[in-house]
Each structure stands twice: as structure tokens, then as C-alpha cells.
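Student: As a plain string of letters, each chain reads:
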Amino acid sequence: MTESTTHETSPVLPLPANLALGAAVGGGVLAAASAAMSWTWTPAFPGDLTYYGSPAGLQWLALVGGALTALLALAAHGLKGLRWLSPSGSRNGVLFAALGTFAVCWYAVVAIAVELDGLVNLDPGGWLAAVGSLLAVLGALGLPLDRRRTVRHPELHWGLYAALAVSAVLRVGFGQGWALDAVPPGIRPIFTENLWFFVVLPAAIALFRLWRLLDGRLRIGRIERPLPAARALPGWAEILVVTAVFAVGLGVVEFGVSTEYGELFVGFLLLTAFATAALLASGAVGRLRELTARHRAVTTGAAFAAAGAFPFTQSSETYVLIGTNILIFATVALGLNVVVGLAGLLDLGYVAFLGVGAYAAALVSGSKFSVFRDLHLPFPVAVLIGAAAALVFGVVIGAPTLRLRGDYLAIVTLGFGEIFRIAMNNLDGTSGPSLTNGPNGIAAIPDVSLFGFDFGEAHDFGALHLGKNGNYLLLMLVATAVVVTVFARVANSRIGRAWVAIREDETAAEAMGINGFRVKLIAFALGATLAGLAGAVQAHVSGAVSPDQYLFSSPTPPNSAFLLAAVILGGMGTISGPLVGAALLFLIPAKLEFLQSYQLLAFGVALILLMRFRPEGLIAGRRQQLEFHDVQLPAQAAPADDVPTKAGA
Amino acid sequence: MSAVTTETATETAAVPAAEPVLEASGVVMRFGGLTAVGGVDLTVRQGEIVGLIGPNGAGKTTFFNCLTGLYVPTEGTVKYKGTVLPPKPHLVTQAGIARTFQNIRLFANMTALENVLVGRHTRTKEGLFSAILRGPGYRRAEAESRERARELLEFCGLGAKADHLARNLPYGEQRKLEIARALASDPGLLLLDEPTAGMNPQETRAAEELVFAIRDLGIAVLVIEHDMKFIFNLCDRTAVLVQGRKIVEGDRETVQNDERVVTAYLGAPLEGTTAAQEDGQ
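So the protein sequences, as listed, match chains S and W. Numbers 1 to 649, taken from full-length UniProt numbering, label the letters of the first sequence in order. Numbers 1 to 281, taken from full-length UniProt numbering, label the letters of the second sequence in order.
Hints are computed from structural coordinates only; laboratory data are not their basis. We put the CB at the ideal spot given by N, CA and C, even for glycine. Any given hint could turn out to be false.
[To be verified] Just some of the chain S residues that point at chain W, by a computed CB distance under 8 Å:
| hint | residue |
| --- | --- |
| 1 | Asp123 |
| 2 | Pro124 |
| 3 | Ala204 |
| 4 | Ser493 |
| 5 | Arg494 |
| 6 | Val500 |
| 7 | Gly513 |
| 8 | Ile522 |
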């Protein structure tokens with residue numbers, strides 16, 4: 001066992017080794033098996049979990065989670081034929097998988113009991129899932145886990161306890177009315193109508209305290225376990241593995257996109273997060289990373305092939321449209337990553353460049369609402385015009401402001417974003433010159449037709465069906481590929497290094513002969529151009545442009561705030577980071593609609609938690625990792641993903 | 001100028017009738033009412049190592065910043081190989097003056113090789129479009145840059161550290177990396193701002209060797225330093241700056257025996273004298 005001064009390998013619960021292993025495997029199997037049974041007798045719960053022998057919705061998640069737990073437990077134990085699943089040999093993966101299963105099963109069971117009023121609504125399958133997943137967690141806690149020796153968390157600040165107490169008193173006081181006397185009558189409704197705040201705040205503090213207590217007990221930490229050398233596979237087999245992994249990834253994304261109700265999506269997110277943590281701990285992800293690094297072209301190809309295969313797996317056009325919108329959002333986020341992630345320029349009005357591209361392309365698209373209604377340029381020309389228009393605006397905005405340092409750029413771009421939206425609203429012929437049709441925007445943009453292929457109609461290729469939205473998804477995928485190529489090539493070049501140098505230390509960079517202004521202007525203009533390109537495609541995909549699509553902040557992406565969040569959340573300076581971040585940021589608000597007015601609150605909390613535990617973003621470049629976690633990594637080793645405290649989060 | 005300006009070019013036998021690389025004349029730098037540098041003349045010739053010493057706050061680094069375009073001098077001119085320098089740091093570097101910083105200013109989250117490649121920026125031309133298109137010309141230039149950067153890392157003794165992040169290098173190697181990065185711009189004059197600050201005696205000796213090696217490449221060196229032993233071992237000439245004015249310039253003996261230096265700057269015995277003399281003062 002790997003032992004060090006900072007970490008140890010020991011069980012949390014003192015169980016006999018075989019019992020713990022048995023419980024973990026058995027619990028996983030039970031949870032998985034429960035998927036084949038009825039969880040509740042009434043189809044009233046979303047997804048209809050009443051059938052025997054036919055898993056549905058949340059039951060699929062229990063099946064996957066339970067099976068993963070059992071397999072990881074056996075793999076970490078060293079069962080022949082499964083070692084590939086757990087090359088690091090760490091048992092932490094088992095715990096994460098078990099916790100994921102537990103979270104999904106208990107979430108489902110509690111949701112059934114709450115939504116349908118009472119435990120009587122549970123069928124034996126539901127009970128089995130709950131008991132099985134709990135057993136798996138207990139078993140996993142009895143396995144020799146990698147743990148920190150030290151308890152990191154000090155006592156909470158007394159101010160937080162004071163806030164807890166004051167909130168509780170205020171809750172009672174405002175509820176009964178006696179505390180209202182201290183408040184001017186005019187603002188009393190603010191307090192009486194928002195009593196929930198005085199419940200949520202103490203609850204959050206109490207949960208935080210509880211989490212620290214739990215973390216102090218568990219002390220789950222990560223030991224740097226070097227992966228043993230992999231058994232050499234022939235090249236074609238490795239490529240096959242990479243392809244298979246992307247096929248599985250496509251399946252996972254497809255499941256997430258096509259979840260029909262919020263409960264299922266929450267379960268999906270829980271299980272995905274825990275399963276990812278589990279596979280990271282078990283070393284399977286590290287092994288995969290070695291493979292993809294060796295076959296970079298294949299990996300990129302497989303990723304795009306998986307994205308391109310998505311519309312063919314869908315029977316409903318709605319989910320294909322979601323996929324297309326995710327691609328638009330992700331492409332724009334990647335463009336913003338040039339500006340923010342590489343050059344370190346804070347652009348708060350980036351969506352305006354998307355708007356410039358979209359409006360420019362819409363004006364020449366031949367739409368009958370365009371002032372140039374007789375002008376119908378071919379799609380590629382419209383895209384180039386959109387990109388060129390955004391480039392011009394990028395230079396015009398950037399040239400005066402990029403000479404300054406610090407936050408001026410953020411302020412100017414924020415202003416530009418608003419000016420753009422308001423100007424588009426007013427260029428309607430009454431408040432200003434007639435150009436944009438005002439708040440109504442430019443609608444009825446004709447469908448794209450390229451080389452005789454009409455994107456507005458469904459096409460059949462043998463057994464494969466491709467609907468209208470599918471056509472546009474593939475078109476958008478081409479735009480994404482262009483942006484990915486540009487980003488990848490520029491990031492690792494003379495100009496890309498100059499951007500990073502400017503971001504790191506502008507004075508030193510200038511002393512090394514870099515013309516800071518010029519290089520920053522190139523970054524800003526390139527970012528604007530990429531956004532304009534995406535915008536031109538977006539205008540044709542959505543068929544209409546209007547000013548309210550391009551806001552600084554709104555509950556639905558893409559808007560400037562969400563774009564920035566996607567870049568930072570996903571990982572600055574990387575390619576896959578903003579793509580993943582954008583996908584999550586698009587799906588989470590779309591799928592959390594059942595939370596109604598608390599949607600943004602939940603979203604904000606999720607963001608805060610993520611930034612607390614993973615400030616470098618979901619997919620961090622080597623640099624960001626070192627920037628935020630001050631650890632000395634051995635050079636050239638695979639980047640270590642620091643996920644020590646995910647358990648129980 | 002009342003300073004003793006002994007010509008010591010004869011000592012640098014390698015380049016007998018050396019041309020001036022850097023000519024600063026009457027450089028004045030005022031910040032509001034404060035005159036940080038008050039009319040300094042300094043000439044550095046081809047193949048020379050010139051030292052610049054002075055007590056803290058004497059204006060050495062400010063003078064450096066005037067030379068490198070970080071500050072625009074209030075009065076006076078700075079010429080590099082006969083042409084007046086433009087007042088922008090990147091243009092100065094392009095002209096052929098490279099510098100290091102007193103407090104290390106590496107690009108901490110880039111690898112050592114990338115740091116040196118950034119130093120190559122002015123000597124390469126590949127722009128945005130060639131980076132996107134990646135034609136044969138781009139590949140060749142990129143390969144040449146990497147080759148040259150590796151050579152420079154090797155030259156500074158960092159050959160094995162090419163792929164380490166700059167922030168993970170030990171202190172002495174970070175100093176060397178700064179020098180390698182500065183050399184990457186193929187300078188004719190290298191300005192070193194306290195290159196041995198915080199180094200132990202072995203590292204200081206290695207730094208000395210490195211500076212001599214740089215001189216042997218035909219690059220003139222102007223160095224600010226507080227370590228007198230280092231300065232007098234190294235430099236053909238040394239200028240002493242006190243309160244923004246150059247009070248003396250010359251070889252080791254001239255500077256060491258100058259009363260003004262002793263009173264205004266040192267106040268304590270020079271390196272090589274005994275403690276008894278200190279007591280005697």
C-alpha cells in the first residue's frame with residue numbers, strides 16, 4: 001500500500017475486509033437489480049417506474065451506478081480481467097461510485113415519497129434500491145481508502161454561528177410579527193414575503209458545518225498513485241478503445257439531453273459527477289488520457305464523429321434543436337476563450353459580436369424583413385460578411401481601449417454590449433434610421449441551401465433520417481470545427497505564446513519585444529471574428545434575429561454572463577473546457593425548469609460550489625492547475641486531478 | 001563632468017578599437033519634483049562589461065528603465081549603435097537591447113522553453129494567418145525558433161529543464177532563465193539588473209562565468225550589482241551612481257581609491273580591505 005507522511009490507506013469503518021468487499025459488491029448488485037423491479041405502484045411519478053423487468057428513467061441510473069460500484073470494487077480488489085477499470089488500485093473510486101448510486105437511489109425514493117405523499121407509495125423495488133445503495137456505501141467505507149492524515153478544516157468563524165442564530169430569531173420574529181415593529185412600514189413586505197431567506201441562510205450554514213464535520217471524519221484524500229505501465233495493445237485496438245469511449249460518451253450526453261423531466265436530469269447530473277470522480281480516482285481516466293494523447297487525431301475525429309452522430313440517434317426534433325443550440329453556445333464560448341483564456345482580457349460584452357455577425361448575415365440573407373430584401377447572398381458569403389462586420393467592430397472597440405491596462409476594457413465592453421442591444425432596438429425607422437426592424441428583429445431568414453442540399457427539409461440516407469434541425473446541427477458542427485482548429489493552432493504558436501506572456505506579465509512581455517497593444521488587438525479582433533462567424537450561422541439556424549437574443553444577462557444562454565461563466569467553469573485556455581462548460585450551462589437551466597423561481601438560485605449555488613472545489617475549471621490545463629492548487633507536480637507527468645473532497649458534497 | 005573617465009578599452013584585448021554600443025548623454029528622469037536621475041552620461045563599447053553600482057535609491061534601476069524605454073527620459077538622449085532609441089520597450093528590444101529584472105519577472109506558468117520562445121518574438125515574423133494555415137514556412141520558422149531556444153537553454157545550463165514550468169525552477173535557475181530569455185532576442189547589449197541577488201557564492205561564481213561567456217559571444221553587458229567582489233571581478237569599467245548623479249567612472253583602482261565613493265557610497269571598507277581600517281574611520 002502507498003503510505004506517505006500526509007496520507008494513509010485505511011478504512012473509515014472497521015469492518016472485516018471480506019465483509020466490506022462483499023457489502024460493496026452486493027449492495028451495488030442489489031441496487032442494479034432493483035432497476036428491474038417496480039419502485040412505485042402508481043404511474044403518477046414522472047417516468048412511470050411501475051414495471052417489472054423494464055427499467056425506466058431513474059432506474060437506468062440506479063442500474064448503471066450499481067453495476068459501476070460492483071465492478072470497481074471487484075477491479076480494485078484485483079479480479080483478473082477487470083484490472084483495466086482500476087489501474088491505480090485506489091478504493092476511493094468504489095466509494096465515489098457507491099455515493100453516486102446512493103445519491104440517485106435515495107433522491108428517487110425521497111422524491112417519490114414526497115411528491116406522492118408517503119412511504120406507502122414505495123414498492124419493494126424502491127426499498128431494495130435504497131437498502132442496496134446504503135449497503136454499498138457502508139461496504140465502501142470499510143475498504144482501505146486513501147485518506148489524508150490531517151483534518152484540514154478549522155472551526156467555523158463565530159460570525160457564521162451568529163448569523164445562524166440571528167436569522168433563526170428573525171424568522172420567528174417576522175413570522176409572528178413582533179420584529180416588524182423595528183422596520184419602517186414601507187419596507188415590511190420585503191421581509192414578510194421573503195421569510196424563506198431566514199430559513200435558507202441558517203440551513204446553508206448548518207449544512208456547511210455538517211459537511212466539515214463529515215469531511216473531518218472521512219478525510220478522503222488522493223494519493224499520487226503512479227499508474228503501472230499499461231499492457232501494450234496493438235495500435236488498432238487502442239484506436240478501437242478510444243472510439244468505444246466516445247461512443248459511450250455520446251450515449252451519456254444523449255441521455256442527458258433527452259431527459260424529459262427535471263427529476264431525471266438531477267439524478268443524471270448526480271450520477272455523472274460521482275461516476276467521473278470514481279473513474280478519476282480509479283485511474284481509468286488517467287489511462288484513457290495516455291491513450292488519447294497518443295492518438296490525438298483519432299480522438300479529435302472521434303469526438304466530432306460522436307457529435308455528428310447525435311442527430312441520427314434522436315427521433316425527436318426538439319432534442320436535436322437543443323444539441324444545435326449547445327453547439328452555438330459552445331462555439332461562441334470557445335471564441336471568448338481566445339480573449340479571456342489566452343490573452344487575459346476581460347470581455348463583458350462578447351455577445352454583442354455574436355449579434356453583429358448575426359445581424360449582418362440576416363441583412364443579406366434575403367429575408368423579407370430585411371431592409372435589403374432583394375439582396376440574397378449565398379450562405380458562405382453571408383457568413384464571411386458576418387465575420388468581417390464583427391471584425392470591424394472588434395477593432396473599433398479594441399483600438400482605443402486596449403492601450404489602457406486593467407479593468408477599463410471590461411467597462412467599455414460591458415457598455416458596448418448594452419449600446420449594441422439598444423441601438424438594434426432603435427434602428428427601426430422611427431427612433432433612428434431604418435435598418436434592423438427594431439424590437440421585432442429580422443425574421444423569416446430563408447433556409448440555407450448549399451450545393452443543392454436544402455437545409456430546410458428532412459433528408460433520408462438509406463435507413464438514416466436527418467431532420468431540419470439535424471441539418472443545421474451538422475452545419476453548426478462545421479463552424480465549431482473551424483473555431484476549434486483556429487484555437488488549437490493559434491494557441492500553440494508565436495502569437496499564442498505572446499498572448500499568454502501578456503496575460504502573465506505585461507511589463508516583462510513588452511521588455512521581451514512584444515508590442516502589447518498590437519498583440520492584444522489581434523486577440524480581441526480574432527475573438528470578435530469567431531463570434532461573428534458563429535453569429536452568422538446562428539442567424540440562419542434560428543431563422544430570426546432580434547435584439548433580446550443578445551443580452552448581458554438573462555436566464556437562458558447565450559448571453560455575455562453565461563459565456564464568461566462557461567469559459568471559467570469549463571477551464572480557461574483549454575479547448576474542451578468551454579465546450580463542456582457551455583453544454584452544462586445550457587442544459588442545467590433548461591432542465592431545472594421544475595424549480596421555477598428558484599432556478600437561478602439553485603444555479604448560482606451550483607456555480608459557487610463548483611468554483612469552491614474546482615477553481616481551475618472542470619477541465620483544467622496544466623497551467624491553471626498549478627495556478628490554483630499550489631502543488632509541485634513532477635514535470636511532464638499526467639496532470640493530477642485534485643478531487644479530494646468531492647465525497648458527500 | 002568632474003568624474004575621472006579613464007579609458008580602459010585596452011584591457012578588452014578581444015576588441016581593440018571598439019565602437020560604442022550604447023551612448024547615454026545627459027539622461028534626466030524627473031517624477032514631479034523628484035529628480036531620480038540627474039544628467040547621467042554613460043558609454044558602453046563593443047565587447048565590454050560595464051558595472052553600475054550605487055547605494056539603494058541611487059537611481060540605477062530608474063536609469064535602466066530609461067535605457068529600455070520603460071520610462072521616457074525627461075531630458076537627454078540614449079543612442080544604440082548611433083541611432084536614437086524609440087521610447088517604447090518592445091522597439092528598444094527590437095533594436096537590440098535586452099534586459100533582465102531585479103525582481104524576477106518570468107512568465108511563471110509557462111515552461112522554460114516557452115519563456116525563451118517568447119524572447120524570440122522580435123526575431124521571428126510568423127503572424128496570425130501563418131499560425132492558422134501552418135504552411136511549410138511556418139513549420140520551418142517554428143522549428144528554428146525551438147532549436148535556437150534549446151541552444152540558449154543549454155548555454156545557460158538549463159538544457160534539462162526545458163519542459164519545467166518556470167515557477168517550479170529553483171531561484172538560481174530562474175535567474176539563469178531570465179538571462180536565456182533575454183539572449184533569445186539576439187541583443188547587442190544585455191542589461192542585467194542585480195543578477196546575483198539572493199544567490200549563494202557558488203551560484204554567484206557560475207553567474208560570473210555565464211556573463212564572461214556572454215561577453216565572448218560579442219554581446220556588451222551593463223550590470224547593476226551590489227556584490228562588489230562580483231562587480232570588480234567582472235567589469236572592465238564601473239560607474240558609481242549616487243543620488244541620481246554619476247560621481248566616478250573607471251577601473252577597479254580608480255573607483256576603490258576615490259574618496260567620494262568611499263564617503264558618499266561605501267562608508268565601510270571595500271571588499272579586500274581589513275576590519276581594522278573600518279575601525280579607523
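Student: Could you run down the list of hints and mark each one as holding or not?
Tutor: Against the structure, the hints:
1. Asp123: violated (55 Å)
2. Pro124: violated (56 Å)
3. Ala204: Violated, about 34 Å.
4. Ser493: holds (4 Å)
5. Arg494: holds (5 Å)
6. Val500: holds (6 Å)
7. Gly513: Holds, about 3 Å.
8. Ile522: holds (6 Å)
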